[in-house]
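So you can see what is in the structure, the chains are spelled out below.
Number of protein chains: 2
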Amino acid sequence: MKSHVRLLLASVLAFVAGVAFTQGVTQTDPLPSWNEGAAKKAIVEFVRATTDKTSSKFVPPEARIATFDQDGTLWVEHPMYTQVVYCLDHVPAVVKAKPELANMEPFRTVLSGDREAISKLSTDDLLKVLAATMTGMSVDQFKIEVKNWLATARDPRWKRHYTELTYLPMLELLTYLRANGYKTYIVTGGGQDFVRVYAQEVYGIPPEQVVGTAGGVKYSYDQDGKPFLTKEPKLLLNDNNAGKPEGIHLMIGRRPYAAFGNSTGDRQMLEYTKAGDGERLAILLLHDDAKREYAYGPALGLPDTKVGAFTEPLYDEAKKQGWVVISMKSDWNRIFTFDK
Amino acid sequence: MKSHVRLLLASVLAFVAGVAFTQGVTQTDPLPSWNEGAAKKAIVEFVRATTDKTSSKFVPPEARIATFDQDGTLWVEHPMYTQVVYCLDHVPAVVKAKPELANMEPFRTVLSGDREAISKLSTDDLLKVLAATMTGMSVDQFKIEVKNWLATARDPRWKRHYTELTYLPMLELLTYLRANGYKTYIVTGGGQDFVRVYAQEVYGIPPEQVVGTAGGVKYSYDQDGKPFLTKEPKLLLNDNNAGKPEGIHLMIGRRPYAAFGNSTGDRQMLEYTKAGDGERLAILLLHDDAKREYAYGPALGLPDTKVGAFTEPLYDEAKKQGWVVISMKSDWNRIFTFDK
Chain X
76 MKSHVRLLLA
86 SVLAFVAGVA
96 FTQGVTQTDP
106 LPSWNEGAAK
116 KAIVEFVRAT
126 TDKTSSKFVP
136 PEARIATFDQ
146 DGTLWVEHPM
156 YTQVVYCLDH
166 VPAVVKAKPE
176 LANMEPFRTV
186 LSGDREAISK
196 LSTDDLLKVL
206 AATMTGMSVD
216 QFKIEVKNWL
226 ATARDPRWKR
236 HYTELTYLPM
246 LELLTYLRAN
256 GYKTYIVTGG
266 GQDFVRVYAQ
276 EVYGIPPEQV
286 VGTAGGVKYS
296 YDQDGKPFLT
306 KEPKLLLNDN
316 NAGKPEGIHL
326 MIGRRPYAAF
336 GNSTGDRQML
346 EYTKAGDGER
356 LAILLLHDDA
366 KREYAYGPAL
376 GLPDTKVGAF
386 TEPLYDEAKK
396 QGWVVISMKS
406 DWNRIFTFDK
Chain B
76 MKSHVRLLLA
86 SVLAFVAGVA
96 FTQGVTQTDP
106 LPSWNEGAAK
116 KAIVEFVRAT
126 TDKTSSKFVP
136 PEARIATFDQ
146 DGTLWVEHPM
156 YTQVVYCLDH
166 VPAVVKAKPE
176 LANMEPFRTV
186 LSGDREAISK
196 LSTDDLLKVL
206 AATMTGMSVD
216 QFKIEVKNWL
226 ATARDPRWKR
236 HYTELTYLPM
246 LELLTYLRAN
256 GYKTYIVTGG
266 GQDFVRVYAQ
276 EVYGIPPEQV
286 VGTAGGVKYS
296 YDQDGKPFLT
306 KEPKLLLNDN
316 NAGKPEGIHL
326 MIGRRPYAAF
336 GNSTGDRQML
346 EYTKAGDGER
356 LAILLLHDDA
366 KREYAYGPAL
376 GLPDTKVGAF
386 TEPLYDEAKK
396 QGWVVISMKS
406 DWNRIFTFDK
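Going down the list, the protein sequences come from chains X and B. Quick note on this note's numbering: the first sequence kicks off at 76 and runs consecutively. Quick note on this note's numbering: the second sequence kicks off at 76 and runs consecutively.
Among the clues, some could well be false.
Any copy will do: because identical chains look the same in the list, a pair fits if it lies in one copy or spans two.
Unchecked claim - Cut-off 25 Å, straight-line C-alpha distance, at most; resulting in silico cross-link-like pairs (BS3-like, lysine-lysine):
1. 173 - 218
2. 234 - 203
3. 293 - 309
4. 301 - 394
5. 349 - 395
6. 115 - 394
Simulated from the structure, these hints should not be mistaken for lab results.
Taking the hints into account, I'd like the entire structure generated from these sequences.
Listed below in structure tokens is the structure:
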């Protein structure tokens with residue numbers, strides 16, 4: 076055999092081995108943190124059916140959109156939304172810039188550090204804190220402040236960075252869906268600009284695939300004539316409840332094939348997704364693991380909870396509408412990357 | 076040589092030939108409708124520098140965002156925006172559903188068919204026509220109506236479907252940028268929902284990469300409990316002038332590396348793009364070809380035009396800011412696909 080033929084053959088063999096290796100990898104479990112059970116089975120079967128060209132449920136790659144709520148679906152939302160913690164932590168800096176706020180409510184209560192009083196602040200008061208800490212600065216400045224805070228702040232229970240409190244099974248699911256041609260979006264009631272700061276690094280989701288509660292920005296010029304954008308206290312999209320399908324239409328323009336949520340704020344997104352033609356997957360995550368995470372809502376037989384309101388009626392709707400319910404306790408063998 | 080070895084060798088040779096063929100294709104001109112000149116050179120050099128890993132101007136693939144105005148940049152905007160033609164054409168259907176409008180202005184004028192009177196309608200009157208023909212129906216119904224109209228309507232000059240009046244050199248440019256890892260977006264003053272109907276088919280741009288003037292939608296249920304979205308007469312984003320960078324922030328969340336426009340409505344998008352760090356490309360298309368398309372704005376020494384206002388001061392700013400100016404007349408050897 077001539078040497079160039081030998082070389083060609085070697086390439087072929089390497090190529091064939093590569094294919095075999097790739098096939099081997101695809102055959103390993105893409106969802107190792109998920110226990111075998113109805114939830115995992117429903118997900119894997121959905122992916123198989125919608126990506127199999129010979130299936131009547133096949134979905135063309137460009138239409139494969141999957142949307143994920145964030146708080147309580149991709150990461151921990153108890154005892155307080157991470158973004159609210161960020162805003163409360165930023166009150167001292169805001170008061171330093173505007174000292175007259177120190178004696179005004181709700182800033183005085185926040186500055187007192189009295190956790191119980193803070194937890195009793197009204198929604199209106201919290202909105203004042205959010206407006207003061209999330210608007211008025213340039214888009215670039217806000218990004219830097221969030222980045223710096225995430226690099227240092229730690230949650231009170233696990234003493235971990237907040238970005239470590241993401242659910243490993245959901246990270247596996249994001250990767251698995253993307254490997255099967257799904258474009259993954261976050262559709263969050265949280266601030267769009269806030270989540271965009273870390274979504275790429277934490278979830279592998281680029282800023283343009285984060286839909287969230289969004290405020291207006293204002294275009295203007297600095298003293299050197301350089302243009303910049305300022306965050307304005309003007310609400311464009313409240314990305315909760317009916318705002319979720321409305322936001323999906325605004326930002327994506329097509330109906331998802333799969334949607335994942337955990338609270339009443341996700342109800343309409345799940346309904347809207349499930350109501351589409353063909354095969355659709357709607358999934359509700361049940362927080363029923365007080366030991367490894369938290370138990371709230373229907374897991375405790377509670378009608379409602381202040382944070383991440385997942386009510387009994389929602390649980391009933393899930394069963395009625397054929398949504399898949401994930402039990403953190405029984406469906407997940409690991410919750411966090413740092414779990415043994 | 077055994078037969079399976081022969082088979083393997085044949086595959087290898089086919090593979091090698093394929094590579095050579097692919098390389099041959101890449102070496103052919105990706106912009107054949109562009110004449111050699113400053114504009115083409117600037118574009119090719121920008122793409123080369125931002126995609127060459129050894130270049131100081133290298134841009135990582137995930138940050139490669141290119142934004143295109145539509146009317147007058149990707150397709151013809153004279154003598155009237157296509158979307159306005161659509162709305163005027165839809166007035167009879169609206170009046171049929173609400174006969175009381177027949178004797179009310181501006182609907183009476185539109186129904187008269189008097190082209191001169193129609194062209195003199197005020198902006199307020201046109202907005203009334205737009206609201207009546209673009210809102211009040213479901214998102215799905217609107218999509219069907221636009222699709223049907225595009226399949227039948229023809230422009231008065233070339234007697235072609237409006238979707239044929241796209242500029243071939245710009246279609247080549249979109250393909251060229253995408254082949255080099257750029258994510259291409261439309262950022263249009265036109266209606267987001269309108270452009271999304273045909274953007275994939277006409278420009279290869281999916282709905283989620285169309286940013287435009289956007290109205291609110293309302294989530295509700297039909298009599299069978301099935302959810303749907305209705306287009307509301309509520310403006311969320313006026314995607315013109317400062318609204319373009321503001322819309323880019325809302326919908327994309329990062330600054331483009333390349334932006335393409337043709338009128339004062341694109342000024343802020345071009346400024347914002349060019350003001351970013353590193354290598355940025357801002358391009359202004361000059362309509363100076365009365366024979367093959369239209370000549371207006373600075374090409375005629377006019378201070379302004381009603382449609383696609385491209386003013387002398389904008390032309391001056393382009394030169395001052397280092398924007399590249401494309402002359403349709405000298406830079407393009409073909410304008411439409413149907414040109415010889």
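Identify every previously stated hint that the structure contradicts and give their numbers, smallest first. 2
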